[in-house]
Every structure is written in structure tokens, then in C-alpha cells.
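Residue numbers (this note's numbering), protein chains in the order written: chain A, 21 to 200; chain B, 21 to 200; chain C, 21 to 200.
To be clear, the hints were calculated from the coordinates, so they are not data collected in a lab. Just to be clear, a hint being listed does not mean it is correct.
Copies of the same chain look alike in the list, so a pair counts if it fits in one copy or across any two.
Using 27 Å as the maximum straight-line C-alpha spacing, the simulated DSSO-like pairs for lysine-lysine come out as follows [as the list claims (entries may be wrong)]:
(1) Lys139 <-> Lys36
(2) Lys137 <-> Lys169
(3) Lys169 <-> Lys192
(4) Lys181 <-> Lys74
(5) Lys169 <-> Lys74
(6) Lys102 <-> Lys169
(7) Lys24 <-> Lys178
(8) Lys76 <-> Lys41
(9) Lys74 <-> Lys192
(10) Lys72 <-> Lys181
(11) Lys40 <-> Lys137
(12) Lys76 <-> Lys36
(13) Lys192 <-> Lys24
(14) Lys137 <-> Lys102
(15) Lys41 <-> Lys137
(16) Lys74 <-> Lys178
(17) Lys195 <-> Lys65
(18) Lys137 <-> Lys195
(19) Lys36 <-> Lys74
(20) Lys76 <-> Lys178
(21) Lys141 <-> Lys169
(22) Lys139 <-> Lys195
(23) Lys192 <-> Lys76
(24) Lys178 <-> Lys195
(25) Lys192 <-> Lys178
(26) Lys139 <-> Lys40
(27) Lys178 <-> Lys141
(28) Lys72 <-> Lys41
(29) Lys181 <-> Lys137
(30) Lys192 <-> Lys72
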Amino acid sequence: MSKKENIFVSLYRDAKNIQKKDPATRNILEVMLLYPGFHILVYHKVAHALYKLKFKFLARLISQIGRFFTGIEIHPGAQIGKRLFIDHGMGIVIGETAEVGDYCTIYHGVTLGGTGKDKNKRHPTVGNNVLIGAGTKVLGPINIGDNVKIGAGSVILKDIKDNVTVVGVPGKIVKINTAP
Amino acid sequence: MSKKENIFVSLYRDAKNIQKKDPATRNILEVMLLYPGFHILVYHKVAHALYKLKFKFLARLISQIGRFFTGIEIHPGAQIGKRLFIDHGMGIVIGETAEVGDYCTIYHGVTLGGTGKDKNKRHPTVGNNVLIGAGTKVLGPINIGDNVKIGAGSVILKDIKDNVTVVGVPGKIVKINTAP
Amino acid sequence: MSKKENIFVSLYRDAKNIQKKDPATRNILEVMLLYPGFHILVYHKVAHALYKLKFKFLARLISQIGRFFTGIEIHPGAQIGKRLFIDHGMGIVIGETAEVGDYCTIYHGVTLGGTGKDKNKRHPTVGNNVLIGAGTKVLGPINIGDNVKIGAGSVILKDIKDNVTVVGVPGKIVKINTAP
Numbered sequence: 021m022s023k024k025e026n027i028f029v030s031l032y033r034d035a036k037n038i039q040k041k042d043p044a045t046r047n048i049l050e051v052m053l054l055y056p057g058f059h060i061l062v063y064h065k066v067a068h069a070l071y072k073l074k075f076k077f078l079a080r081l082i083s084q085i086g087r088f089f090t091g092i093e094i095h096p097g098a099q100i101g102k103r104l105f106i107d108h109g110m111g112i113v114i115g116e117t118a119e120v121g122d123y124c125t126i127y128h129g130v131t132l133g134g135t136g137k138d139k140n141k142r143h144p145t146v147g148n149n150v151l152i153g154a155g156t157k158v159l160g161p162i163n164i165g166d167n168v169k170i171g172a173g174s175v176i177l178k179d180i181k182d183n184v185t186v187v188g189v190p191g192k193i194v195k196i197n198t199a200p
Numbered sequence: 021m022s023k024k025e026n027i028f029v030s031l032y033r034d035a036k037n038i039q040k041k042d043p044a045t046r047n048i049l050e051v052m053l054l055y056p057g058f059h060i061l062v063y064h065k066v067a068h069a070l071y072k073l074k075f076k077f078l079a080r081l082i083s084q085i086g087r088f089f090t091g092i093e094i095h096p097g098a099q100i101g102k103r104l105f106i107d108h109g110m111g112i113v114i115g116e117t118a119e120v121g122d123y124c125t126i127y128h129g130v131t132l133g134g135t136g137k138d139k140n141k142r143h144p145t146v147g148n149n150v151l152i153g154a155g156t157k158v159l160g161p162i163n164i165g166d167n168v169k170i171g172a173g174s175v176i177l178k179d180i181k182d183n184v185t186v187v188g189v190p191g192k193i194v195k196i197n198t199a200p
Numbered sequence: 021m022s023k024k025e026n027i028f029v030s031l032y033r034d035a036k037n038i039q040k041k042d043p044a045t046r047n048i049l050e051v052m053l054l055y056p057g058f059h060i061l062v063y064h065k066v067a068h069a070l071y072k073l074k075f076k077f078l079a080r081l082i083s084q085i086g087r088f089f090t091g092i093e094i095h096p097g098a099q100i101g102k103r104l105f106i107d108h109g110m111g112i113v114i115g116e117t118a119e120v121g122d123y124c125t126i127y128h129g130v131t132l133g134g135t136g137k138d139k140n141k142r143h144p145t146v147g148n149n150v151l152i153g154a155g156t157k158v159l160g161p162i163n164i165g166d167n168v169k170i171g172a173g174s175v176i177l178k179d180i181k182d183n184v185t186v187v188g189v190p191g192k193i194v195k196i197n198t199a200p
């Protein structure tokens, strides 16, 4: 997905990115201390590293502690790109085989989940620079293209190509995004 | 709903059932220690027993402690069948007069709630072997048949007969389920 | 919005109001001790007072502590009217520039949020005596009239006039409310 960064550099840049994107924030310390969407990135980076080292129970434990403190559940196996901005975050569920690209924004209540019909790869692959609105469910091993915007409260069960805006239950394309 | 089981036997079987159904789980200890969807069954069995003994304040207290630790709110009065599998669970609300059959699966964000128009029986009655997808709201004293599947993000305000798949806002039948 | 009340009088009346409106409650002590929808009003009144005094970091801290204990996130800047009844509450997000009138009812999973397109005033203004159903997203600096009812699972992106019932994704008027 992206070039490897030192974990502390990566987290610092994540916090900077959140500060830049959220109009309600004033400084990076506020992000680091008060943003559940930042805290869960810390938990997830540790859990994901343990998961790759096959310490799967410990990885799940850290993920569940993160869920308790933030209301956000990211399975340790999920592959999260650079600079994910999780806003508010309560109720987010990201499954074990989900992949999220770089510079994405995910709002509270979003699910990147399974449909129960698939084995192994069960969860979505999300491209770069994607925005997913509050409460939206993206289900199954589908592909969401780069620069896609998905409106709040949508349900997405099929692939979405690059550079489009999608809304509804089920999601339908409503706009071609010209400037990525 | 179902033959009476000793509470410990019941919880052990609940954990076994979760392990069997969740592809991300490895063993029953992991379920017992790390699954909010299992923990809330423990809280609810205690709260429901106290509720039936008319210790209603204590029952609510335990239910609210369970909500704090799991993000799942089941009113002590709700009647829950055998082997309920709650996956992820954050944001689930199950009302006082709701009834859930045996072998059901309920995802995070589901509401079995009221519409504000009814007295006494205000919440849904759900059959056996029903699956309710993430974020779906089932509202009012309606009946959901056996072997029903309800897609994620749906809103259900009317009775649903046995053996069908329903999706949408409001929910519409999209499939007859042949093998229950 | 409403005549100024002493904070303790206001909270007492808020609890009385919740007790009156919730058929599952028995007395005001139960509301004060066990209702997250009451607790968050306490947190918010303190956070909002600090916000107006420009102690913005402290205000956010109290708001985030409230989110941790209740699952409800109200930005300290949000202007909340008298007698708000938040039922269940998990997953609610109310943005910095949102305004909520008097005697409103808001269910769990509701968002009064932004669309990312606006500066300064970014969140909805909600009238008096409005009911917003579970999981509904109301987004952007729009106006929701008095005595409006919005069904569960709706997405609202445009102004709504007084005295109507709205449901769907996106929300459509389905009824004129005769008796406010």
C-alpha cells in the first residue's frame, strides 16, 4: 500500500493530518489527547504488528481494549493505509481481511464487513483518498476505487469504480468526481 | 421459547455457538474473554433473572453496566432465546418487550425498538434462526418469521413471514429462502 | 432559544421530563442514576459553559469523558434547548454549530453533522418539539422546522418545514402532523 514509516513518525503525521482536516480542532496536542479516531490508530498499529508476528490472542486483546476506550473496532488483521482520518468513530467495525488505502476519511458508524457468504477474503478493499459517510455499510470482498465518495447511510454491496460519488440503499452513482 | 438450561451450561453452549459461527475466532476461551457479544449474554441472563424476581432497579443497573462494557443495550425485560450470536454488537438496542427466538444472529447497530405508538407490548417478536444485518432497525410490536434474513441498513415496520430475505428502507422481500 | 434556568433546576426538570416520556422508567432516581441520555446533559451543560468562557480544551475534555461514559458525543459548542430527551443514545454525534430547540427527542445513532462543504455554520438547526428516529443522519447547515418527526434510518440533507413527518434515504414528506 505505502512506503514503510517508523511507527512514531507515522502517528505524528496521522495526528497532523487529522488536525488539518477537522475544522473543530485547534492543535495537534488536542488531537493526540482527545481524539478517539487517533487513539484507535495507536491501538491498531500495535495490534496489527502482533497479528503479523502470529501473537493473535494478544493482538485481539489490544484491539478489544481499543474498542472499549474508543467505540471503534478494527480487527488486528485489517490493513490500514497512511493518514486514515476517523471522525467521531463510535460504532465503526472494520473486518479482518479489509484493506483501506491512503488518505481516506471514515465517519462514525461505518462498517467494512462481510456478508457471511465468502471464505478467506471476506471484507472490502478500499482505494486511496476515499471518503465514507456516517453509518454506511460496505459489505463483502468488493473493491472501492480511488477518490470515491460514499454518502451517509448508504449500503454498498458491489464494486465501485474510481472517481465517483455514490449514495443510497443500495448505493447508486450520483456524480462523477472531477477533481480528485 | 426453549427448554430451560442451567445458566452455566447455557453460557458454555452460547460460547461454543459463537466460536462455530465466527470465521475470525480460534477457540472458545477467546470468545469468553474477548467477545462483547458473549459478555452481554452473561449480563443479560443475570439482569433478566432479577427482573423476573421484581428487582427491577438492580436489573437495570446490571443492564447499564453491561452497556458500558460492551456497547450493547438489552433491557432486562427482553426475552432472548438460546444461542443468540451477537457479532461486534456496538450500538445494539433491544427493548423491554422484545422477544428473540433461538439460533438468531444479530449484528452491531441493530435496534429492536418501539415506535412510540404502542402500550404494553411495544417491541418486535423475532422467530428462530433469524439473521439481522448491521444497522437495521426493527420497530413496533411486529412479528418476524422463522428463518428470515434482513439485510444491513434496513428499516422494518411490518410483519415478515417465514423463510424470506428482506432488504431496504422500508424493507421489501427480495428472495424466498429455500434451505432454512 | 429558552429563558435561562439555574443549572440544577434545569437538570431536575430534564430528569422529570425523561421519566414522563419513557414508558420503561419508574422514577426520577432511576433516570438520574441509570440514564446515559440524562448523564450526557450534565456533561454538556458543564462543557458548554466552559466553551463559552473560552476554556475550549477543558470543554472538549469533558465532552470526551462524557462520550466515554455514555457513548454520546455532543460538541461543547452545540446549543441544546430545554428538556432534550435522548433515548438509549449510543452513537449519537452532535456537531459544534448544531442547534437543537426545546422539548426534542433524539434516539440512538442520530447524527446532527456536517457535509464537509461549509465553513463556520456547518451543522443543522433543529426546531422545537422535534423527534428524530434511531440512526437518522441530518447533515449540513439546514433547518428542521417545529413539530417535525423524522423516521428511523433516514438521511436528511435539505430543509424541512414545520409540522411534517419525513422518512427515507433521502427523506421525503409522508404526512402532515395535525396536532403538534
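If the cut is 27 Å between Cα atoms, do Lys139 and Lys36 qualify within a copy, between copies, both or neither?
between (37 Å within a copy, 20 Å between copies)
Status of Lys178 relative to Lys76 across identical chains (alpha carbons, at most 27 Å):
Answer is neither; intra-copy 30 Å and inter-copy 43 Å both fail.
Should Lys181 paired with Lys137 be assigned to within, between, both, or neither, using CA atoms and 27 Å as the limit?
Both ways: Lys181 and Lys137 sit 23 Å apart in one copy and 23 Å across, limit 27 Å.
Intra/inter-copy verdict for Lys24 and Lys178 if alpha-carbon distance must be at most 27 Å:
Intra 31 Å, inter 43 Å, cutoff 27 Å: neither.
Identical-chain pair category, Lys137 with Lys102, by Cα at 27 Å
between (30 Å within a copy, 24 Å between copies)
With identical chains, the pair Lys192 and Lys178 could be close in the same copy or across copies; at 27 Å between alpha carbons, which is it: within, between, both, or neither?
both (10 Å within a copy, 19 Å between copies)
Identical-chain pair category, Lys74 with Lys192, by Cα at 27 Å:
neither (40 Å within a copy, 44 Å between copies)
For Lys72 and Lys41, with the copy left unspecified, which applies at a CA distance of at most 27 Å: within, between, both, or neither?
between (31 Å within a copy, 24 Å between copies)
With identical chains, the pair Lys139 and Lys195 could be close in the same copy or across copies; at 27 Å between alpha carbons, which is it: within, between, both, or neither?
between (33 Å within a copy, 22 Å between copies)
First find the shortest C-alpha distance between Lys192 and Lys76 inside one copy, then the shortest across copies, and answer within, between, both or neither for a cut-off of 27 Å.
Answer is neither; intra-copy 38 Å and inter-copy 40 Å both fail.
Have a look at Lys178 and Lys195 and pick one of within, between, both or neither, based on CA distance no larger than 27 Å.
both (17 Å within a copy, 18 Å between copies)
Checking an output row: Lys195 and Lys65, CA cutoff 27 Å. Within, between, both or neither?
neither (35 Å within a copy, 41 Å between copies)
In summary, the numbered hints that this structure violates are 4, 5, 7, 9, 10, 13, 16, 17, 20, 23 and 30.
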